[in-house]
Amino acid sequence: MTPYSSFLFFIILGILLLPTMILGIMGKRLRYYNVFVSIAVLALIFSGGDEGFYSLVIFTILQLVLIKGYISYRQKKNSSLVFYLMSFLSILPLILSKILPFLAVDNWASFLGISYLTFRAVQIIIETRDGLIKQQLSIYQLVNFMLFYPTISSGPIDRFRRFQKDEEKRWTPEEYKELLYKGINKIFLGFLYKFIIGYAINTYFIMNLDHIADGRFSYHLLYMYSYSLYLFFDFAGYTLFAVGVSYIMGIRSPENFNMPFISRNIKDFWNRWHMSLSFWFRDYVFMRFVFLMKKKKWIQNKMLVSNLGYILLFLLMGVWHGLAIQYIIYGAYHALMMTAFNYFETWNKKHKRWPTGKTMTIVSIVITFHVVCFGFYLFSGRPFQ
Amino acid sequence: MDFKEKVLQVIAEVCEDDVVKEEHDLDIFEAGLLDSFATVELIVQFEEQLGINVPITEFDRDTWNTPNAIIDRLNELK
Chain A
1 MTPYSSFLFF IILGILLLPT MILGIMGKRL RYYNVFVSIA VLALIFSGGD
51 EGFYSLVIFT ILQLVLIKGY ISYRQKKNSS LVFYLMSFLS ILPLILSKIL
101 PFLAVDNWAS FLGISYLTFR AVQIIIETRD GLIKQQLSIY QLVNFMLFYP
151 TISSGPIDRF RRFQKDEEKR WTPEEYKELL YKGINKIFLG FLYKFIIGYA
201 INTYFIMNLD HIADGRFSYH LLYMYSYSLY LFFDFAGYTL FAVGVSYIMG
251 IRSPENFNMP FISRNIKDFW NRWHMSLSFW FRDYVFMRFV FLMKKKKWIQ
301 NKMLVSNLGY ILLFLLMGVW HGLAIQYIIY GAYHALMMTA FNYFETWNKK
351 HKRWPTGKTM TIVSIVITFH VVCFGFYLFS GRPFQ
Chain B
1 MDFKEKVLQV IAEVCEDDVV KEEHDLDIFE AGLLDSFATV ELIVQFEEQL
51 GINVPITEFD RDTWNTPNAI IDRLNELK
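Listed in order, the protein sequences are those of chains A and B. Just so we're aligned: 147 in our numbering is position 147 of the first sequence, and the numbers increase by one with no gaps anywhere. Just so we're aligned: 66 in our numbering is position 66 of the second sequence, and the numbers increase by one with no gaps anywhere.
In isolation and in its complexed conformation, chain A is listed as follows:
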């Protein structure tokens, strides 16, 4: 059963979470009962047969061995080669799951949520390398973090140390009531976003575009804007469910969206859209790349370093979505937009030609909106059909 896709799922979840809420309001520890809820919901999600239950089990065991092995190793030694090898092995199942469909073989490596789970695992390896995770982690801690069911299928991508703080916390009744209130609020907002607005845009507009549009150009233009809005409401709706359920479980999963359509420029957009993913790439790809270049003094030119960083980040992000042409072009498009903006920003810092003020802010927002929508149009794959 796909999470949050049917009312049956919500009903079952509501019944399972009832004791969690009662325990929370009474100020009792949530973790023991939550383990039971997690196992029940994971069984519900993965029992359908198409979600790749066995691949998930093998994947989890592999990641546990890699992480526990690397923490033990890192307590004694710190070779870069071992770190890169471990990171590669951790990403390998994801790479396989992306490549196998092109080899026309059964995609045995894939399962629901593999892209998101991989990032949670790799992140632990990176933080161990940086010396932020020193103590050995228990199987319970790792499995609980990696297979946290509210966010298993499509994120948000949480960070281990942040997750752990919430997980170990014993909420007071007042604190828990606040969490519960916020959680339920989010879930109902999610219904509005995903099942009312998103559904309406898709069913009444996008699916009827053949009758609404009066030509190829207007068809594609209307598709571009309606798909962008649909994508936002559908994904933001899902995220509200995932974060809302996390809150009820006593975990404050990070947010993914912060009003992305009022971004003032493309850089601002990536601080507002799919934030847990873009921040992951920012912290673990872009900043590490820039740091390496500066530290080793391989490239001196600032502009070149940051632009190469953006190109690397967005091409990887594109491929992460899948190896289909639309995702690669989507990544390349955003890499191009970011580097172009980078040049513009540096130039404008010197010459101050772009006027400031309310009107110009609105102009910037409108321009960014169109640039972003064109990106989603590429992402949708419609231009390549």
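One or more of the hints may lead you astray.
[What the hints assert, rightly or not] With a straight-line cut-off of 27 Å between C-alpha atoms, the simulated DSSO-like cross-links for lysine-lysine are:
#: 1; chain 1: A; residue 1: LYS68; chain 2: A; residue 2: LYS186
#: 2; chain 1: A; residue 1: LYS350; chain 2: B; residue 2: LYS21
#: 3; chain 1: A; residue 1: LYS169; chain 2: A; residue 2: LYS186
#: 4; chain 1: A; residue 1: LYS297; chain 2: B; residue 2: LYS6
#: 5; chain 1: A; residue 1: LYS68; chain 2: A; residue 2: LYS28
#: 6; chain 1: A; residue 1: LYS302; chain 2: B; residue 2: LYS6
#: 7; chain 1: B; residue 1: LYS78; chain 2: A; residue 2: LYS297
#: 8; chain 1: B; residue 1: LYS21; chain 2: A; residue 2: LYS296
[Stated by the list, open to error] Derived coverage of chain B by chain A (criterion: at least 3 residues anywhere in the stretch with Cβ under 8 Å from a Cβ of chain A; other residues may be distant):
#: 9; region: 52 to 61
#: 10; region: 66 to 74
[Stated by the list, open to error] Taking CB as the label site, the calculated pair distances span:
#: 11; chain 1: B; residue 1: ASP25; chain 2: A; residue 2: ILE99; range: 44 to 54 Å
#: 12; chain 1: A; residue 1: ILE61; chain 2: B; residue 2: ASP2; range: 45 to 55 Å
#: 13; chain 1: B; residue 1: ASP72; chain 2: A; residue 2: ALA213; range: 56 to 66 Å
Hints were generated in silico from the structure; no laboratory data involved. The C-beta atom is built at its ideal place from N, Cα and C for all residues, glycine as well.
Given the coordinates of chain A, work out where chain B should sit on it, guided by the hints.
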């Protein structure tokens, strides 16, 4: 120059703005003085000029957001 002044000097150099020397509680990310690229620059400068190693993953924008906060964090890592 004491430690605090040294840190402020480094932040001001990287932000290319002396305002951080005056307003010690200014949120440098919200003010648009620091982005992820400049953050790396800052981390490299801390290492080169102050000899303090800050892992990139340690630099959390919620706890390293003002000059005062940065001084506190660096004092912890010293």
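Hint check:
no., hint, result
1, A/LYS68 x A/LYS186, "35 Å, violated"
2, A/LYS350 x B/LYS21, "22 Å, holds"
3, A/LYS169 x A/LYS186, "22 Å, holds"
4, A/LYS297 x B/LYS6, "24 Å, holds"
5, A/LYS68 x A/LYS28, "31 Å, violated"
6, A/LYS302 x B/LYS6, "24 Å, holds"
7, B/LYS78 x A/LYS297, "25 Å, holds"
8, B/LYS21 x A/LYS296, "30 Å, violated"
9, 52 to 61, "holds (count 4)"
10, 66 to 74, "violated (count 0)"
11, B/ASP25 x A/ILE99: 44 to 54 Å, "50 Å, holds"
12, A/ILE61 x B/ASP2: 45 to 55 Å, "53 Å, holds"
13, B/ASP72 x A/ALA213: 56 to 66 Å, "58 Å, holds"
Of the numbered hints stated above, those contradicted by the structure are hints 1, 5, 8, 10, listed in ascending order.
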